[in-house]
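K.L.:
Each chain, letter by letter, is given below.
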Amino acid sequence: MNDSLIALLTALGDDELVIGHRHSEWTGHAPHIEEDVAFSSIAQDEIGHAAAYYGLIAQITNDDLDRLALGRRPDEYRHTILCERPNGDWAYTLARHWLYDSADALRLEALEGTAHNDLAAVVVKLRREERYHMLHAATWMSRIARGPVEGRSRLIDSIATAFPEALGLFESIDLEEEAVKEGWLPVPSDELRARFAAHAAAGLEELGLPAEVVPPSDQSAEFVASSSGDLIEHNGDGTSGNEIQPSGLGGRRGHHSPDFDELWDEMTLTYRENPGATW
Amino acid sequence: MEVYEVFRRSGHKEPFEHCGAVIAPDPQMALLMAKECFLRRREGEHLWVVRRNDVHSFSDETLLEIAADKSYRFASAYRDVVKKREKARARAEELARA
Numbered sequence: 495m496n497d498s499l500i501a502l503l504t505a506l507g508d509d510e511l512v513i514g515h516r517h518s519e520w521t522g523h524a525p526h527i528e529e530d531v532a533f534s535s536i537a538q539d540e541i542g543h544a545a546a547y548y549g550l551i552a553q554i555t556n557d558d559l560d561r562l563a564l565g566r567r568p569d570e571y572r573h574t575i576l577c578e579r580p581n582g583d584w585a586y587t588l589a590r591h592w593l594y595d596s597a598d599a600l601r602l603e604a605l606e607g608t609a610h611n612d613l614a615a616v617v618v619k620l621r622r623e624e625r626y627h628m629l630h631a632a633t634w635m636s637r638i639a640r641g642p643v644e645g646r647s648r649l650i651d652s653i654a655t656a657f658p659e660a661l662g663l664f665e666s667i668d669l670e671e672e673a674v675k676e677g678w679l680p681v682p683s684d685e686l687r688a689r690f691a692a693h694a695a696a697g698l699e700e701l702g703l704p705a706e707v708v709p710p711s712d713q714s715a716e717f718v719a720s721s722s723g724d725l726i727e728h729n730g731d732g733t734s735g736n737e738i739q740p741s742g743l744g745g746r747r748g749h750h751s752p753d754f755d756e757l758w759d760e761m762t763l764t765y766r767e768n769p770g771a772t773w
Numbered sequence: 006m007e008v009y010e011v012f013r014r015s016g017h018k019e020p021f022e023h024c025g026a027v028i029a030p031d032p033q034m035a036l037l038m039a040k041e042c043f044l045r046r047r048e049g050e051h052l053w054v055v056r057r058n059d060v061h062s063f064s065d066e067t068l069l070e071i072a073a074d075k076s077y078r079f080a081s082a083y084r085d086v087v088k089k090r091e092k093a094r095a096r097a098e099e100l101a102r103a
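Each protein sequence line maps, in turn, to chains L and B.
Quick note, in the numbering used here, the first sequence goes up one by one and the last residue is 773.
Quick note, in the numbering used here, the second sequence goes up one by one and the last residue is 103.
Simulated from the structure, these hints should not be mistaken for laboratory data.
Possibly wrong hints are sitting among the right ones.
[Unchecked claim] When the alpha-carbon atoms are kept at most 16 Å apart in a straight line, the in silico EDC-like pairs for lysine to aspartate or glutamate are as follows: (1) L:K619 - B:D74; (2) L:K675 - L:E685; (3) B:K75 - L:E623.
Model, not experiment: these values are computed from the prediction.
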């Protein structure tokens, strides 16, 4: 029964670690110095959240936090593809930040009801920080959404790319059925995905941004090649044509895009030089 | 009449610090009131007044609380680095001798 709990914690921790790493790449490059500090701080928060989830795994397995974060092979990571995508421009980073933190807010809200008491306690803490992350994302989004035209159109393009992939945050986790049955994951991923799609679409409408977006076809095509049959499975389940179809799936099964190889290489470089070193 | 928050600076290298508030009809009058109320005993050399309505704060200040462990943001969390460096240096010297 612990396996499904560990699977859940791994997915949660890996999302936070990988998006935190991407966010941290803005350090020294953000649009202005105050935002550089603010965004770097959020990056640190996300990596801190990963450490909190890995800490819960370590309680069960006696594993080492650094090894969990940095000592696994790329296909052992269970974050969603969205988190590993390169930062691109500030508009893409912002769109992903807003989508990710909107999704995380819903996920954490659901996880407050988890049957695992230690996880429930961690979730209460993290929600307090994520409230601020959401405020940061929403404040930026509302300003860029109002224009000028270049920022607004870049943001719209970025949402078109990132929204379908954000649905991948709610691709089912390993051993999902068991995790739901045990009460670790109180709301199944399918249900969370539906909640998120509706919530994010409403949020975008409120911002005056189009929510009905189609991913650029080359991106999803690129992914199909490296994915398992998951994508086909999801596209073939008879959902209505209006619904945004998830793309960039497979992350929860360890099928990552080439973007992750490059990220993993850099992120784990120091650890691999001297595994087990104490810092 | 409006409320003006008063800030004063005691020296060239000091920061402006909030010291109180005055009620006045406009900024010029607020400066006069502030000078008499807060700078009459040479408490400072510079004075600002700011309309209270122009001061912004978070509507929900619980956002300012730090929820998780942020020890890594403090130098004190890295004190053991010195000891580790000494140990590493000793080990390197030992290896060089051997």
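K.L.:
Give a verdict on every hint.
P.N.:
Tested hints:
| no. | hint | in the structure |
| --- | --- | --- |
| 1 | L:K619 - B:D74 | holds (10 Å) |
| 2 | L:K675 - L:E685 | holds (15 Å) |
| 3 | B:K75 - L:E623 | holds (12 Å) |
Checked against the numbered hints given earlier, the structure satisfies every one of them.
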